[in-house]
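Enquirer: Note that the protein sequences, when read in sequence, are chains F and P.
Our numbering numbers the first residue of the first sequence as 556 and each following residue consecutively.
Our numbering numbers the first residue of the second sequence as 81 and each following residue consecutively.
A hint or two may mislead.
Here are the simulated DSS-like cross-link-like pairs (lysine-lysine), alpha carbons at most 25 angstroms apart as the crow flies [as the list claims (entries may be wrong)]:
(1) F:LYS810 to F:LYS853
(2) F:LYS1103 to F:LYS1215
(3) P:LYS181 to F:LYS592
(4) F:LYS1215 to F:LYS1191
(5) F:LYS617 to P:LYS157
(6) F:LYS698 to F:LYS1191
(7) F:LYS1215 to F:LYS1148
(8) F:LYS1191 to F:LYS893
(9) P:LYS170 to P:LYS181
(10) F:LYS617 to P:LYS99
(11) F:LYS1191 to F:LYS1148
(12) P:LYS170 to F:LYS592
Hints in this document: simulated from the structure, not taken from any laboratory.
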Amino acid sequence: MAKRILSLFRNLFRKRVIESALDDELRSTLEVLMQEKMEQGLSQAVARREALIEIGGIEQVKEGVRAARAGHFVEALARDIRYALRRLRRNLSFTAVAVLTLALGIGGTTAIFSVVNGVLIQPLPYSHPARLVEVGLDLPGIKQFNWPLSRAEYVTFREQSRTFEDIGLYYTGFGGNLYSANVTGFGRPEHVPALGVTDGVLAILEVTPLLGRSFTRADDEPGSPDTVMITYGYWRSEFGSDHSVIGKTIDIDGKPSTIIGVLPQRFRFLDMTDLGILLPLSTQSLRGYNYFAVARLKPGTTPAEAIADVARMIPMELDRPVEFFKEARVTPNIEPLKQYIIGDIGGVLWVLMGGIGLVLLIACANVASLLLVRVEGRQQELAIRAALGGSPGRIAGSLLLESFLLAVIGGALGLLFAYGGLRALVAFAPSDLPRLNDIRIDGLVLLFTLGVTIGSGLLFGAMPAFKYAGGGAGTRLREAGRSVSASRKRHRARNVLVVIQVGLALVLLVSSGLMIRTFQALTHVQPGFTAPAEVETFHVHFPPEMIKDPERLLRMDHAILDNIAAIPGVSSADFSGAVPMDTGAESDPVLVKDHMLQGQLPPARRCFWVSPSFFETMGIPLVAGRDLTWSDIMNKRPVAIVSENLAREYWRNPSDALGKEIGGSPKDWRQIVGVVGNVHDDGTSQEAPATVYWPITDSDGFLDSPAFALRNTHAGTESLMNEVRRAVWSVDSNLPLYQVHTLDYYYSKSMARTSFTLVMLALAGGMALLLGIVGLYGVIAYSVSQRTHEIGIRMALGAQKRDVLNLVVKGGMCLTVIGVGVGVAGALALTRFLSSLLYGVKPTDPLTFAVVSLVLTGVALLACYVPARRATKADPIVALRYE
Amino acid sequence: MAQKRTDLLRGTLDLLVLKALSLEPLHGVGISRRITQITKEAFQVSFGSLFPVLHRMEESGWVEAEWRSSDNNRRAKYYRLTSAGRAQLKDEERQWNQVVKIMAAAVQST
């Protein structure tokens, strides 16, 4: 077989061989001529000259030969292509099925590869992106990882590092409460997503402003005027791309700030897409552990060296409580910036890539099977061609060419499918899929598609080409003339293909079955709140200077709350620092008075700051005690509420927790007045964290940008939101509302990755099932049509319909059972790659395996039964006369 | 050696080459000499025309080439007619005869 491939490709790649052979030939011609002339009595020199003259220019002759050969090759190729196209056109239904099958396979593979390429493969759009790292801290002592930095670390790392070229801090806000600012001073007031950066950040990313300049350390100086940079998108939409914008002043949260620069169009900060303004973070303004850091490594430095370097610097910082970093065991958390942005999405994408790859394989097997049937019909023609001296290579070449043409047409159509599918896919992708904007069909994707197209052409084209190109012409001439009953050998190739198809389909169906079970398990987990679709949430944002007057802020928040609670149909309303599952809640160490251990840090607990009615609005049940009241808030009573799992951890019985004291610091104790149900704040697939709910007034961090929530059956409708806006604006008409989402949005978002994987795998599984069954049906139907003669004889000899039915169905089921066996073995080997995506179900879940095997066998039975029934309807007389 | 100025008709060269090879395998120079001989020195084929034709015929499978020693012990590439080449020769001879008949009739008519 390898020999035939060689002969096939020698034509394309033997150029060099031909050239040297041509040189030899001309040299020998020259010698023969010289010999001739020397025999006529000429001296060697003269003979050589005469001979050269007679040949008439070696190069011209070579050129002529080359042109003749190339012309012949092109001509032959063009003739073969025309011939193949004519054959494909003449059998339109076959061509359509094959092309469509391939287009689905190639299109799907291309679409998923575009995602893999955009998210995982393409480098970040910064220069030398491999040298960029994200810098954070791990605190394994209190089970906190990738903590942000504070000013102390920033200054130390900036001044003392041996591995960083530079390090910069940035501030994006947290979870559901992203950094943003009210911009006024022109047009209507707007709430704009913002990013705080120290002077180093843009230089580290090597971003040059389109207009104006970047932040410098001079902007940090106390007393220097406030400055702002704007993004390209904001510049275009708000300033109409006005070049005189530099030096203009806009009000940001009430502070007049000078625009010093416009960022270039391609600038994107990490994965933030709708950023409007960049504000300087001055070193003096840094407060607490709130800042993430990006650093550029010195050339030739590895992240491992940076980790060692940071570990060396951690003990240097001065203003951190000594016992804190001893107990928390602070260690560096440094990872390449790209890895930080991508996170763990790679697992999902590679699983999907594998799944769609299997679909492509099934599609190829299907087309190969179709081609085998067709080539079988052409046996006589091929045998005649071989008998007339058509070389095996030439015949195999023409068969392969037909396959290639199919693949190319399928690939082109597939690319079209991919283009459309990709749009749907990006629209449907979970919002936590990073780098969505980097997903496109680029050169690498096109190259990939080309490779896949050629690969699949070879894959499904090779089988018929090898099978029918070679010898045995005599047998085949004889065999093809009459339709004798199929020999086992003739069907073996197609049977193998069917087994492979059924097996692969089973693997995919088991995978999607496992995802369905995961999704089921996740939706069965009670999130801790009830009817989340009826809870509408939104944020408002007061200008920061109002923070200095928390009394007034509280009054305004309260006024808004009263207004929205008065909207008809609202059963309950509240405001809080974060909404369950919006990833905005913090984790802080919480002390318990009866359980203080000397010299040991209290564990961090999930902390919410809430107003009264929070639990009623969210639908979180009260297990013991009471809710907060406005009188608690107004009188600043030291009270708190804890979750049931926290209460049980310390006091076993929830009601025993009532009256016990907890606090954020040893000087600040609060009495537990209520115990509420557990909430899966980290998503349903995670354990519900032990949670403390503090009165909203306990922290000054939330009153200026609280999350309001209200329970109403019309949540999520524009008409309700219009009423809500009116209610808010009747308190302050300058307040923009943002992050308007129902609680159900956050709930679904926590399962978005699972449902995305589920739908994609289910699509792949459905395609696999369809293609596999079509393949099985095709083989059985074809074998029935080939055996009409035999069946006729059997029936003439007295076989009953049942016998014929049995005969045909048994053949098909035999293949199916082998395929299912192969598939189960394959699935057992492959599903462990899914295990990180599964929840509440094992990769070898017997139920899924059993159900999928049964369903597949059932569908296969149907696919065999239809042609089998047709066989029994055959009239013996007609069948015997057939052909 | 004086160049004979008789132009070859299109397609004639193919026929001449096939004919020249019909007796025995020949190398390039041999084919050229044989054509000169069988056309009574009317045609002198240049190598610039001959080699492209030979290679095209090889691609088409009319001739096969093989290296062997020539009469005076030099290695040379010999061309041999294949069965397809013989069939082609028959075809072209028939066509040629037809053309000759038709042309003769046409020229004689008044």
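Enquirer: Against the 25 angstroms threshold, does the CA-CA distance of LYS170 of chain P and LYS181 of chain P hold or violate the hint?
Expert: holds (17 angstroms)
Enquirer: Would you check the hint for LYS617 of chain F and LYS99 of chain P, treating anything up to 25 angstroms between C-alpha atoms as holding?
Expert: OK: LYS617 of chain F and LYS99 of chain P at ~24 angstroms, within 25 angstroms.
Enquirer: Regarding the pair LYS617 of chain F and LYS157 of chain P, is the alpha-carbon distance no greater than 25 angstroms?
Expert: This hinted pair holds, its Cα atoms lying about 15 angstroms apart.
Enquirer: For the pair supplied as a hint, LYS810 of chain F and LYS853 of chain F, confirm whether the alpha-carbon distance does not exceed 25 angstroms.
Expert: violated (38 angstroms)
Enquirer: Would the pair LYS698 of chain F and LYS1191 of chain F pass a check requiring their Cα atoms to be no farther apart than 25 angstroms?
Expert: Between LYS698 of chain F and LYS1191 of chain F the Cα gap is close to 32 angstroms, so the pair fails against 25 angstroms, i.e. violated.
Enquirer: Would you check the hint for LYS1191 of chain F and LYS1148 of chain F, treating anything up to 25 angstroms between C-alpha atoms as holding?
Expert: holds (20 angstroms)
Enquirer: Taking 25 angstroms as the top limit, are the C-alpha atoms of LYS1191 of chain F and LYS893 of chain F close enough?
Expert: violated (46 angstroms)
Enquirer: Taking only the CA atoms, is the gap from LYS170 of chain P to LYS592 of chain F under or equal to 25 angstroms?
Expert: Violated, at roughly 35 angstroms.
Enquirer: If you draw a straight line from the CA of LYS181 of chain P to the CA of LYS592 of chain F, is it 25 angstroms or shorter?
Expert: Distance of about 41 angstroms is beyond 25 angstroms: violated.
Enquirer: What's the verdict on LYS1215 of chain F and LYS1148 of chain F, does the C-alpha distance respect the 25 angstroms limit or exceed it?
Expert: Judged against 25 angstroms, a Cα distance of about 8 angstroms means the pair holds.
Enquirer: Quickly compare the C-alpha distance for LYS1215 of chain F and LYS1191 of chain F to 25 angstroms and report which way the hint goes.
Expert: With Cα atoms ~18 angstroms apart, LYS1215 of chain F and LYS1191 of chain F stay inside 25 angstroms; holds.
Enquirer: Is the hinted pair LYS1103 of chain F and LYS1215 of chain F satisfied, with a Cα-Cα distance of at most 25 angstroms?
Expert: violated (33 angstroms)
Comparing the model with each earlier hint shows violations of hints 1, 2, 3, 6, 8, 12; every other hint is respected.
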